[in-house]
Amino acid sequence: MTAFEQLVAQGESTARYDGAFRLVYDELKALARDQLQREYRNHSLSPTALVHEVYMRLLGDSKPDWNNKRHFMRLAARAMRRILVDHARRAKAEKRGGNVTQVTFTERIGPGHRDTIDLVLDLDRALASFTSVSERAALVVELRFFAGLTGDEIAQMLDVSRATVQRDWATAKAWLYRFMEENPSDDPT
Amino acid sequence: MSQPDWNVVQALYNELLPLPPDKQEQVLREQCEGDQALFDEVWSLLQAGKEASQFLRQSADTLFTQELEPGTTIGAYRLIRPLGRGGSGTVYLAWQRSETVERLVAIKVLRPGLDDAATRERFSLEQQVLADLQHPHIARLYDAGVTAGGRPYAVMEYVDGLPLDTFCAERTLSLHERLSLFIQVCDAVQYAHSKLVLHRDLKPSNIFVTQEEGGPPRVQLLDFGLAKLLDPEHRADLTATQERALTPHYASPEQVRGAPVSTATDVYSLGVVLYELLTGAKPLDLSDASPMSWERIIAEENPTLPSKKAASQADDDTQTHAPSALKGDLDNIVLKALRKEPARRYESVRALADDIERHLKGHPVTAREPTWRYRASRFVKRHRSAVVASIVALLLVLGGASAALWQASIAATERDRAQEEAAANQQSLDFITGLFESAAPNPADGEDLTAQVLLERSIDRIDALESQPRAQGRLLRLIGDIYRQLGDRDQAEALLTQAIERKQPLTDDASRLELTSSQMSLAYLFIEQGQYEKAEELYSLALSERQDLLPSTDPMVGAAKNGMATVLSSVGRLTEAASYGNEALAILEAAYDGENASVRNEKAAALLQLGNIYHKLGDYDRAIHYYQRHLPIARLAYGDIDIRVSTSLNNLGSIHSERHEFEEAIALVSEALDIRKTIFGENHYATANIMANLGVMKYQVEDYAGALDLAQQSHVIQRRVHGDVSPWTTTVASLIARIHSRTGEPGRALVLYDSVLTHQKQLYDNIPHASIGQTYGSIANILGEQGEIERAVTYFEKSNEIYLHSLAPTHRRIVSNKIALAGFYRDNGQFIDAEQLLVDLHDDLEEGPEEHRFSQEDVRRHLVRLYETMERPELAAMYRATIED
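Line order of the protein sequences matches chains U and E. Per the working numbering, residue 1 is the first one in the first sequence, and the count goes up by one each step. Per the working numbering, residue 1001 is the first one in the second sequence, and the count goes up by one each step.
Some hints here could point you the wrong way.
Straight-line distance between alpha carbons at most 20 Å, and here's what the computed EDC-like set of lysine to aspartate or glutamate pairs gives [as the list claims (entries may be wrong)]:
#1 E/Lys1340 to E/Asp1709
#2 E/Lys1050 to U/Glu182
#3 E/Lys1050 to U/Glu181
Hint data in this document are derived by calculation from the structure and do not stem from the laboratory.
For reference, chain E alone in the conformation it holds in the complex:
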């Protein structure tokens, strides 16, 4: 018998559905006119439909957020209604009925799917921790257990109040009232911290406010759901569990990175809460961002000043205070709590609360720290003696006596005299800037501010020298250079450009020479900013001017050639760079009498530069030769704690790394990093570069967590200092992309590489720079791994084409590209292409330095694999035999 027609069944079913059951049967019988099959079909559907009232009531969302029905009992608790949903479960209002107590409670039941052992472990830990917490502003934990169904639950004090943000908005609380409530919150968190408990999930919906008739509002902290013991015994758990159960808006950079958390983490979340209380908006805009970009935004983007945010929302209903009330103290307090680096936030919640209280009482707060001043104070702290010395020097220069001296020297017209003075000036400048660059750290604390004020004041004094353009120009350069080293690029560029403008009209030889020095300083600044064309122009102006004014063997000519070598090396014109570098070294070696410090330093710079150039050219033997010559001179010249020493160590380490001697590499680069940290602190761009390098090496020994941590730290700094379009930032971004691709996130990696490529093309402005080749190669690798062989091939070809502009055909990078390409050919069944590529490569690597042996080994291994895949064992055996030794 055939199935009854569905249309008929459906029509009948829907017609009968509204009728009472007894009527249904009667009508159905009539309609079916004796068709028993149709009757049975519709009748059974009607029966099933009755039972199915709850069936499919909700969409598949229930798989994620399954809820319990009101009336369900769990132990002595009867559920009344859900109060709210969190990430790990749902909180219900429930009635507790036992022999001794009857009351309303809140029960948090973990959602299904989370009832694994680790969660339950965490849950029971939470119970112990919470039972210890007894504070008027923290909701009590009464009980905890596991339901008959195996779902863990916790029974908590029921707080009949409003979330903090709703409360403030509904009662339109004044600024002062909001701050007072916030201090209550701080008290509770501080108390928990004193019990070694972190909250880790502070947000307005976890902070309730209750108010009895006529009484003051009272804060109650809910849900220490993520609290973990700070106790050292539990520290391992704390860092090992990389689970990221948190709310992004209130999550700190270290939380989104999965890095260890501390009390500073709660300080950050409190900062977000405070920001919101003051402005009605979140500090960072995550609303349009995809979950993938949350991490980046939280780790990198800086919040708008609360006062500015409040001003921008002036028309908005959420706006409650005059932005001017937030300006100054509160801006600084909030931003200090929201610093990206935990160590730069308030050292405790207590300190945060104290600062707010100070503000309420009109006392000065501790959070005032304009940016350059901050940078300067960090720097000055580590360079006390140097700074004091240079301030003294500056004061001498600025003093009346020296001004008179300068006037006298301007009157003197003899060329020798002027030259001598120029050299002397050069030396005093080197002395001062040298001190800034390389002084040993001095742990003693003292008058930081005085030193900064002096530096600022010296700028003011420069204006007074309007009538002496030469002295003025020179000082502008001096101070511009100091600012450059403090990392304040804008200020440095402004000062150095002014210096050049002042000196440009002067025609005497000494002034012309002095002009070249300013040009060199500015050129160096441009190199740091990746503006190589401008830098090259300035260096070549300086060089031709010096060649005009001085004998060709003069060390100042050597220095200018060194500058040319630097810029050419930076844009990848390595052969030209090498010849300038060698000329510079020859001049400087001949000129060095074993005493003149500035010549010695320039010679050291040339050695370092040559090491660099040969390093990039892939000539590691030469590179090592120059680095090793550089190290003792640098240590002699600047001491062990010096940037250039660290650069050499770092670069030597890099070569070891390229030779796969990672242990030595990591040791050398770690020493380099320690030096940088000592000199510049954790947040300086010069530290960031070495962090990135060490990151690369950890990546190579497959310590991906360590690598990612270093790379991300570095990236934050690089972006802050250089922006996106800079060689430093793109390089570190590439490293992060590489780590992503290695840790099973090729999608994230591709997105990142894509933006790197865009930035690099902007940066190098169509110059075929090797970095672009590298990015193409990396993209090719991922595409290949994803099976997109055709696109991969195109990208490999682009990559090699670019490499060949600056690298030898046997350079490791080109070899790596070809080996990877051959692998994809092989996997794709294009055996002939793979074979040809590998055999050619093998021949190319027959000659040349040590590194080629290493590459050749690799090629052989791939040939063996290829021939095995091709089922040509005799050929495989042939190449295998050459590997054994």
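Here chain U stands alone, though its shape is the one from the complex:
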């Protein structure tokens, strides 16, 4: 049994959850730090790949039961969200420090978003509000956007139909987009 599985086996009390989250978060962060900072840029792993790498490390070949995998993916999506938000904050702070020209390409990836840094920060805020509207739909977004899971994987994880996930996703997207439009970031780059 791996350390992660032990934590999961001991139940999902808040303390245990925190412990497992910490474990996943630390692993992800250590990996992400390497990726985001310096080494092996040509082989930089995407967040999705990072999540899988950490999954292999923590659960390894132990053929974990589905419950553990489900649990892990939720933690990983949450952890990756936090890591990316932290990274975006730092990147923004550096930008604010000057000497970097802003990116002004015509891509339109979000309301008024010129780059993914703003998008990640705003999305994080929007998701925080959206959770109180629909916890499940917010989770769908988190799993899909931050952990890179497919619709089928999410459906399996949440034990709902593929169509339900699709509906959650479509509505959540519209809701989040509207939220961002109505609540533009107070710190435009």
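Based on the hints, put chain E in the right spot on chain U.
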């Protein structure tokens, strides 16, 4: 008013989504039945949803690999579609439209997040460099600039072809065709090298092949993205930028280490490309490895022979040539390009291409070099005169006349006679092996191969001596010893074991004495391999036999006692070792008449050994005494360029280092290292040991880059020579772990320490060896720094427990452990534990040699800090006052 029910909102939204807009509003009105809040909610979501079609289309991966949409224009270029993604950006196919030219081009745009000043600097450098490169096999650079958004881009010739590996596979090219293409690649790289440009990122996806109808295939090299000027003016940049933008599969050991690169780096990458062309597989398997272990694998693991690899893939589709076609020349060519040490690869890309051409024409290639022959040739090169002399001696021994002499001497039965002869044999052997060990380097070049062939031939001749077991045994030992010094352990062990087997049945005194010599040689080999039990058994057999046959004052008895001292010292039984060492020295000093060279050498060995033992016991004054006595004798006996001289210098340096006199230490050990390099070259295990020591000292003066470089060089050699389970390898691995823990990579350090611990336990087989104590201590330190005080305490206790088997309670290492432990107690708020530990330690250090003062100072400093933390200024002041002087 409350929020509309989400389930209702969602159901409506999804129901309306597929409808046309005008229909949406109508249906929504009907469904809401006058509930305006619900209508507004769903309606605004539908509006937002329309705009949000691109929103969250990709996962967060986009943060890392943001791409530009087709149709985006950059200056005069309109993007058509992405062609490929690299580490630093994406390459797009684009249409260039200006007044003078309309054409397809490839545009490389750096990805966001990389647009820092250093990258842009590199980018503009790339532009200048590339503009100078005009070669039929290199894609041209047309233009470069910075987008409106600040992202640097380069516009290059668009090559409508296939990557080299795909091309070869799709066209099922023959071996000959592949090699011809590869030579084109070499031509292009060689051209760039002549312009002082390195590619640094050669791989099949950067090497395109185009072929026009009916024409020959043509190679085009893409993306000099990492090229930097070799020009000396830019050298500083080249080494200062430790950025490692590269693809691990094709990266050379020096690149993954972050060491300076050279043309040899491109030779290595070309070797990987060639390997893949020939076998369809990569030389090293990185697929299952984590990024953390890439560096180790690339720096240390040796590729499988291409012919073997091809054979192992015989069932595979990728396999294209008979493995036998690769055997010999091509195996050797590829491996020479893939050598770990840049200096051992082809000296240029041209030389690599030439060798392939020679192979294609059926001429002999330059890359043939079986391992032992290589080692021998290096050795022989530096020991020309010595080798020639020993070959002459061997030939004399092997010649008919001497065989007859031996037969005569076997007939002689008088004990004195036999003894005399044994002594004479001993001397001639010492003469020959001594020459091997210590001859001054001779720069002249000559008939290396002849010398090696003679050595090989002498083994053949030994078989002819079947009827003379005594002569045969003696020669086996002689040649076994030579092989041991050449570093060919397996051959040495086989020969020395045979030597013992031949002599075992012989009962005359001379043969019994000669047997003890073989036992001592084999024992020494075992010590080198860390097989101490076997070594001890052989040394004690040799000692009791010699004590039986010779007077107790005989120098050969002294030599055997010296052997015992060596092995006991190696397993940490230092007190016993010291008494054997002192007995040996007494015998040898009494026996030395100022002339007998072998007694003098043995005496020198005893002095060195005693220095070593007291060094380990922490009695530095005695250790220095013996080392300093050893140095002049050693210089007299063997000259300045000698291993033993370098050992003494190295060990003296180590003591200075333990006394924190690092400048002297580094000077002494650097001299030692130079000696080793002169004698053995860069890649010998004897050089590797001193490299490691110098590494330790650089580590102590916080030159971590220098330390890591030396340690890793040393580690590669140690693993190659000794494997993982060896005292040398584990020690160097520990050093690398220490450097990692110091440079902010405690995770890597712990992983490495963990494997060191496993190997050490195997190695010492439950003997409480001080090295294990050290590993426990190091792990404890990292755990402590990570706040895991409880585990740290356990490890410190294990560490000290083991140390106490062989070290004095006031030894620096135990003191360091306790001081570190006290620090963690303090940080953890366990002030009483910390205080007790430090105060006891302070008392223990009251007596004893100079080193204790130094340790005590340290303890006081920690007491001051502790009391300050405890807010007991009066106690802090008390200890501070004792530090001032």
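Okay, the hints, checked on the actual structure:
Using a Cα cut-off of 20 Å, the hinted pair E/Lys1340 and E/Asp1709 holds, with the two alpha carbons roughly 14 Å apart. Taken as a hint, the E/Lys1050 and U/Glu182 pair is honoured in the structure, with Cα atoms around 16 Å apart against an allowance of 20 Å. Between E/Lys1050 and U/Glu181 the CA atoms are separated by roughly 13 Å; this keeps the pair inside 20 Å, and the hint holds.
Of the hints listed earlier, there is not a single one the structure fails to meet.
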